[in-house]
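Trainee: Residues per chain, in single letters:
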Amino acid sequence: MIKQNNKKRRFNVVDLLITAIILVVIAFLAYIFVFNSSFGTAGDDTVTIQYVLEVKDAYDMLTESAAKNVDKELIDAAAKFVLGTVKEFYTEPAVLSTYSHETGEATTSDYPEHSNFYFVVEAEAKREADTNRYMLDGFELSVGSRVYVRLPYYTGTSYCIEINEITK
Amino acid sequence: MSNKAKLRFNAIDLVIIILVVGCIAGLALRYQLINVIHSESESNGANVSFYLSNIRSTSENYFNEGDTFYLANEDIELGTLLSGFRFEPAAQYNMRSDGKYVKTTAANGRSDMFGTLKADGRFADSGEFLLSGTKYIAAGSELAVYSNNVEVTVIITEVAPIA
Chain L
2 MIKQNNKKRR
12 FNVVDLLITA
22 IILVVIAFLA
32 YIFVFNSSFG
42 TAGDDTVTIQ
52 YVLEVKDAYD
62 MLTESAAKNV
72 DKELIDAAAK
82 FVLGTVKEFY
92 TEPAVLSTYS
102 HETGEATTSD
112 YPEHSNFYFV
122 VEAEAKREAD
132 TNRYMLDGFE
142 LSVGSRVYVR
152 LPYYTGTSYC
162 IEINEITK
Chain B
19 MSNKAKLRFN
29 AIDLVIIILV
39 VGCIAGLALR
49 YQLINVIHSE
59 SESNGANVSF
69 YLSNIRSTSE
79 NYFNEGDTFY
89 LANEDIELGT
99 LLSGFRFEPA
109 AQYNMRSDGK
119 YVKTTAANGR
129 SDMFGTLKAD
139 GRFADSGEFL
149 LSGTKYIAAG
159 SELAVYSNNV
169 EVTVIITEVA
179 PIA
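These protein sequence lines map, in sequence, to chains L and B.
Take 2 as the starting number for the first sequence in the numbering used here and just add one per residue.
Take 19 as the starting number for the second sequence in the numbering used here and just add one per residue.
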């Protein structure tokens with residue numbers, strides 16, 4: 002009887018495996034949550050920012066749909082982070098860098114039936130100390146970041162070209 | 019005595035239950051089952067307009083009113099082709115000798131297509147259209163699609179509620 006009890010309490014391979022799985026899961030969760038929440042902990046500021054996303058060389062036929070997204074929530078299409086609210090939308094003619102055979106010089110040309118789209122987005126963000134990088138709902142944003150735009154009436158690939166803090 | 023030992027709830031049972039619950043939760047997230055369930059009561063559909071560029075003009079014969087198109091990668095029904103679709107000589111943007119680009123149309127038998135599909139799905143509260151209640155699409159989506167006759171890649175230009 003005593004022997005049997007001792008046998009039951011023995012730490013075996015299955016126990017080791019279970020312990021290892023639990024530790025891995027805890028470590029993974031800690032990594033996900035602690036890493037994100039501790040983004041630049043020392044000296045972080047939560048600020049309101051306005052940033053501009055540029056979609057280059059978009060078809061003009063998409064302009065109307067893109068323009069309907071003002072006051073709509075912007076989501077990162079890749080990881081589903083909430084990236085703020087679109088405050089303004091405008092377009093500029095798409096311009097191609099080209100070459101004139103007549104003058105032998107580099108020149109530019111409008112790209113017919115294409116425009117650059119600009120979304121001005123406002124969001125609460127955490128600024129990493131002494132940098133121009135911001136964390137928005139887990140998404141790390143800086144000038145040059147690629148953002149896969151998911152809006153109710155438009156989707157596309159954009160790049161962040163400008164970030165301004167509007168309040169502290 | 020031995021029966022009691024067999025019935026005891028132990029750590030392995032707990033781990034198995036956690037894993038099963040985790041799998042179910044994962045599957046629910048993956049297939050957005052909540053949205054599917056939700057969509058059954060609110061499915062209202064949309065007219066999804068698209069642009070298809072630079073196909074062979076002979077391929078025009080493979081598009082017919084009522085054709086059903088599916089997303090190539092996910093086997094979700096995109097919609098049925100409505101009448102009124104049209105073909106135009108394919109747009110080309112060519113550079114002149116002064117370096118300026120001009121729009122021309124293809125002289126080599128290539129075509130662009132403009133059409134609309136009647137799609138099944140629902141509009142979320144945010145305004146997003148969810149195809150079949152699960153798959154987000156919007157203007158700008160580039161989708162590989164197929165019907166019984168043809169396989170192409172289209173760009174969605176508008177998603178409008180069915181009036």
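Rather than coming from a laboratory, the hints here were simulated on the basis of the structure.
Just so it is clear, the structure is predicted and the values come from calculations on it, not from any experiment.
One should not assume that every hint holds.
To be verified - Below, simulated PhoX-like cross-link-like pairs (lysine-lysine); rule was C-alpha separation at most 20 Å, straight line: (1) B:Lys121 x L:Lys57; (2) L:Lys69 x L:Lys88; (3) L:Lys81 x B:Lys118; (4) B:Lys136 x B:Lys153; (5) L:Lys57 x L:Lys69; (6) L:Lys81 x L:Lys127; (7) B:Lys118 x L:Lys57; (8) L:Lys88 x L:Lys73.
What the hints assert, rightly or not - Okay, the calculated beta carbon distance ranges per label pair: (9) L:Ile19 x B:Thr98: 50 to 58 Å; (10) B:Thr86 x L:Tyr160: 33 to 41 Å; (11) L:Phe29 x B:Glu78: 51 to 59 Å; (12) L:Thr168 x B:Ala43: 51 to 59 Å; (13) B:Gly127 x L:Tyr160: 34 to 42 Å; (14) L:Thr168 x B:Gly127: 57 to 65 Å; (15) B:Thr76 x L:Ile22: 56 to 64 Å; (16) B:Phe105 x L:Thr47: 50 to 58 Å; (17) B:Asn28 x L:Leu24: 24 to 32 Å.
Don't be surprised by glycine CBs; every beta carbon is placed ideally from N, CA and C.
Trainee: Against this structure, judge whether each hint is valid.
Mentor: Structure-based check of each hint:
1. B:Lys121 x L:Lys57: holds (18 Å)
2. L:Lys69 x L:Lys88: holds (11 Å)
3. L:Lys81 x B:Lys118: violated (40 Å)
4. B:Lys136 x B:Lys153: holds (15 Å)
5. L:Lys57 x L:Lys69: Judged against 20 Å, a Cα distance of about 18 Å means the pair holds.
6. L:Lys81 x L:Lys127: holds (18 Å)
7. B:Lys118 x L:Lys57: With a Cα-Cα distance of about 18 Å, the restraint between Lys118 (chain B) and Lys57 (chain L) holds, given a limit of 20 Å.
8. L:Lys88 x L:Lys73: The hint holds at about 8 Å.
9. L:Ile19 x B:Thr98: 50 to 58 Å: holds (53 Å)
10. B:Thr86 x L:Tyr160: 33 to 41 Å: holds (37 Å)
11. L:Phe29 x B:Glu78: 51 to 59 Å: holds (53 Å)
12. L:Thr168 x B:Ala43: 51 to 59 Å: violated (39 Å)
13. B:Gly127 x L:Tyr160: 34 to 42 Å: holds (37 Å)
14. L:Thr168 x B:Gly127: 57 to 65 Å: Holds, at about 59 Å.
15. B:Thr76 x L:Ile22: 56 to 64 Å: Check passed, 58 Å falls within 56 to 64 Å.
16. B:Phe105 x L:Thr47: 50 to 58 Å: holds (54 Å)
17. B:Asn28 x L:Leu24: 24 to 32 Å: Violated, at about 19 Å.
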